[in-house]
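**Q** Sequence:
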Amino acid sequence: MRTNIIIDENLIKEALKISGLKTKKEVVNLALKEFVENRKRKNLMDLKGRIEFDENYDYKKMREEK
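The numbering of the sequence shown is my numbering, which starts it at 1 and goes up by one.
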């Protein structure tokens with residue numbers, strides 16, 4: 001999708017330097033990807049205390065059964 005936006009030039013320069021990416025497009029895409037991933041992780045954190053885990057759950061044993 002083509003979009004025209006005004007971005008803080010100092011911020012984009014710093015992001016380019018820190019990331020090692022070559023273009024503004026790459027920086028914006030990475031920033032959006034990381035933003036979405038962080039929000040999804042935050043949403044999972046909202047479930048803390050709402051899910052009961054089986055104390056006898058043994059994922060290693062389940063792998064051996066296959």
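Derived by calculation from the structure, the hints in this document are not laboratory data.
Virtual Cβ for every residue (Gly too), placed ideally from N, Cα, C.
There may be inaccurate statements among the hints.
[What the hints assert, rightly or not] When the alpha-carbon atoms are kept at most 27 Å apart in a straight line, the in silico DSSO-like pairs for lysine-lysine are as follows:
#1 13 x 24
#2 48 x 60
#3 40 x 25
#4 24 x 48
#5 61 x 42
#6 33 x 48
#7 22 x 33
#8 48 x 61
#9 13 x 25
#10 25 x 42
#11 13 x 33
[Stated by the list, open to error] Now the in silico label distances, taken between C-beta atoms and shown as ranges:
#12 63 x 24: 18 to 28 Å
#13 37 x 3: 15 to 25 Å
#14 7 x 48: 14 to 24 Å
#15 37 x 8: 18 to 28 Å
**Q** Regarding the pair residue 33 and residue 48, is the alpha-carbon distance no greater than 27 Å?
**A** holds, 24 Å
**Q** Could you say whether the range 14 to 24 Å given as a hint is met by the Cβ separation of residue 7 and residue 48?
**A** violated, 35 Å
**Q** Next pair to validate is residue 25 with residue 42; report whether the Cα-Cα distance is within 27 Å.
**A** Holds: residue 25 and residue 42 sit about 26 Å apart, inside 27 Å.
**Q** Between the alpha carbons of residue 22 and residue 33, is the straight-line distance 27 Å or under?
**A** Holds - the C-alpha atoms of residue 33 and residue 22 are around 17 Å apart, at most 27 Å.
**Q** Quick one, are residue 61 and residue 42 close enough, alpha carbons at most 27 Å?
**A** Given pair residue 61, residue 42 is violated - Cα atoms ~30 Å apart, limit 27 Å.
**Q** Take a quick look at whether residue 48 and residue 60 sit within 27 Å of each other, Cα to Cα.
**A** Given that 27 Å is the threshold and the Cα spacing comes to 24 Å, the pair holds.
**Q** Taking only the CA atoms, is the gap from residue 13 to residue 24 under or equal to 27 Å?
**A** holds, 9 Å
**Q** Between the alpha carbons of residue 13 and residue 33, is the straight-line distance 27 Å or under?
**A** Cα-Cα ~19 Å, so holds.
**Q** Is it true that the CA of residue 48 sits at most 27 Å from the CA of residue 61?
**A** holds, 25 Å
**Q** Next pair to validate is residue 24 with residue 48; report whether the Cα-Cα distance is within 27 Å.
**A** violated, 37 Å
**Q** Given the hint that residue 13 pairs with residue 25, does the C-alpha gap stay at or below 27 Å?
**A** The given pair, whose Cα atoms are some 12 Å apart, holds under the 27 Å limit.
**Q** Between residue 37 and residue 8, is the Cβ distance one that fits in 18 to 28 Å?
**A** holds, 22 Å
Against the hints set out earlier in the document, violations occur for numbers 4, 5, 12 and 14.
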